[in-house]
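Same order as they appear, the protein sequences are chains A and B.
Taking my numbering, the leading residue of the first sequence gets 1, the next gets one more, and so forth.
Taking my numbering, the leading residue of the second sequence gets 164, the next gets one more, and so forth.
Hint data in this document are derived by calculation from the structure and do not stem from the laboratory.
In this text, a Cβ means the ideal position worked out from N, Cα and C, and glycines have one as well.
Please note that the accuracy of each hint is not assured.
[As the list claims (entries may be wrong)] Residues on chain A that point at chain B, a partial pick, calculated with CB under 7 Å:
id: 1; residue: LEU76
id: 2; residue: TYR77
id: 3; residue: GLU89
id: 4; residue: ALA100
id: 5; residue: ASP101
id: 6; residue: GLU107
id: 7; residue: LYS111
id: 8; residue: GLU127
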Amino acid sequence: MKKMVVVKMIMMVTVMVSEASMIEQTCKETPDFNLCVSLLDSDPRGSSADTSGLALILVDKIKGLATKTLKEINSLYKKRPELKQALDECSRRYKTILKADVPEAIEAISKGVPKFGEDGVIDAGVEAAVCEGEFKGKSPLTSLTKSMQKVSNVTRAIVRMLL
Amino acid sequence: MAKSDALLPISAREEDPLLSDGSRSDPNAETHGRRRPVKGLLAVSFGLFFIAFYVALIATHDGSRSNDVKIESDGTATKASRAHLAGVSEKSNDQLWKLSGDRNTVAFSWNNSMLSWQRTAFHFQPEQNWMNGPLFYKGWYHFFYQYNPNAAVWGDIVWGHAVSKDLIHWVHLPLAMVADQWYDANGVWTGSATFLEDGSIVMLYTGSTDKSVQVQNLAYPEDLNDPLLLKWVKFPGNPVLVPPPGILPKDFRDPTTAWKTSAGKWRITIGSKINRTGISLVYDTTDFKTYEKLETLLHKVPNTGMWECVDFYPVSKTLVKGLDTSVNGPDVKHIVKASMDDTRIDHYAIGTYFDSNGTWTPDDPTIDVGISTSLRYDYGKFYASKTFYDQNKGRRILWGWIGESDSESADVQKGWSSLQGIPRTVVLDTKTGKNLVQWPVEEVKSLRLSSKKFDMEVGPGSLVHIDVGSAAQLDIEAEFEIKKESLDKILGDASETEEFSCQKSGGSTVRGALGPFGFSVLAHESLSEQTPVYFYVAKGKDSKLITFFCTDSSRSSFANDVVKPIYGSSVPVLKGEKLTMRILVDHSIVEAFGQGGRTCITSRVYPTKAIYGAAKLFLFNNAIDATITASFKVWQMNSAFIQPYSEEAVRALSRT
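This is chain A alone, in the form it adopts within the complex (with noise of 0.2 Å):
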């Protein structure tokens, strides 16, 4: 019994290892290896995606951030309305993120055509800084718009990694 159970949990251990590598491996090529992991680790497709699979899997990150971002652009209208200028300018650049960049990156990426979906990729990351400049060093989406640049770094260096 004992031994079954050690074999059973060499197994365990080897199975767990032997996933966690693949998104280690290829979290090691990106430039935020941490966060890369933990983006992947945490979405339940991670497991069993291959390379492609893991680019899809930060596109979608990126879109529901976009969207995380969107809701908090549409609250602050209310709380902080002498920002209506810079709010309305990154309500559009989110909405290129939604609307633009992400499908674009999700039909690119899934059909084999990767430069494309870098380019989505890149631009999420470009728009949000845009955003983020808007306020002129006091932004309320601070923290939303530097991890949406983030993420696109590291989501960008994985579609590269089809190419």
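Go by the hints and put chain B onto chain A.
Same frame as chain A, but now just chain B:
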């Protein structure tokens, strides 16, 4: 002061101009940029617990603290991270976004006036486009292009279609092919046309199947009597080619125009890759329906990645004219060109084709296709280009796709994205024998309106406003000479050789003994926004001069969400030649041709102030010592009035 501390030695051709921040790409990155996922169990049991412990540690580490990249508050990554990213970002041509960089940190919003100014007047541009199978048939030039009818980004690709009598004045036609079969359900991608002996046309194109496998399909005009070739029929037996063994399902696209072999068969080539080696597969056919794959490859080059839009064609060694794709013989060299997926650069090499086994070898393997130092059609923004033989005028025409260098927000807001460069004739440079020469098609001249001619001597450190009225649509042809006294003085001076590179030497404001000098286009009168196009003559080894031709878009716009690189390369200048340049300015695109088209640079620029009436033209000489003489002519350029589809528009164009 004269620059002597540029980072790289001068080579005959520019180093990869990707690195606007001066860092080199990590050579290791080129070989391990793409890892295969490691599947399967790690069988080593004694190391298991150690690894498990390590993994547990990583997984529980706070993911939001990044050890590798510091993102500054202005959005740029620090130098340290850039080195780490070397295998990633540096390989990609335009993608070094530097936000709210050097010149201002003012937040910026595009307004509709600025955006609508960007639309070009005489370049082909629908909402979104790439390059397909251009051809000339029954009096019309046809352009089939990759089109997204739904968005100003890549996606949902179908075949757009337009026709012209002169490659300049186009009328849009209805879509030629849509994604209506299982074998192209996910995209009707790039293809090429071949003329058969009986004058009929076959089109081979890549379809992305319903399972996203890349296959080649056959299509032909429904009615060969229709000069407009409006309707196309897909061969019911499609696909005619599927990825062969050893080739991945997403690495098989962009079949070329076919050429006749000496055995009387048709031969095509299709780009692909095996691991990181870019390759071109070869197939023979007699009917375009069944194919025989050759065991040999047309060519392959390690570490170049996927070869897209491969093009293969003959050029005459002696005559300045185009050749039909099937021409071969002792007076002919063959060009192999590929669009490099990794770097978004179109590279080509000159070499010899061996018909007996369908292989090709480059004249100079050190600048083989796709190597970063190999020749490029264009040293700026120019991709997915293709040539076709224009049997109407006996010329080979090269046509490139020019993407945007702005944010997708702006593209969405302005409603369109990307355009075609002006078509260029392409021939071998019979004087150097080592490069191609490209030149805007003659028909561009039909757009010329009024002109002004100038002859002037410009001393060191001068700037001259060239008053031509409106300056957003121009054709400029210029000849420059450095005054002999200036040259003698500098050559006599025993100073060291100068190291220079367009990309790394700081742009047009950095002054050398013999340059930079040229024009500043789309310039605001305050020069707060401007796009200089210039020569820089550097003193090389043995008192030889090396001439560089550059476009500096680093100060083209206040906007902080556009890419503003400095592009360019050295350009061969033969004994006795004056320095010549031609510049086509059309709103947000600037196309520059040095030494008759030996070095070409296409740039996209998005000024915010130097637009409409505020866009001006300047001549400048930033050299420290040299006086130059400039003799040039500037034409106003008319719009090409590219029309949406209507029967009257077609009739009107057919009468021209």
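Checking against the hints above, which ones are violated?
-> 1 and 2
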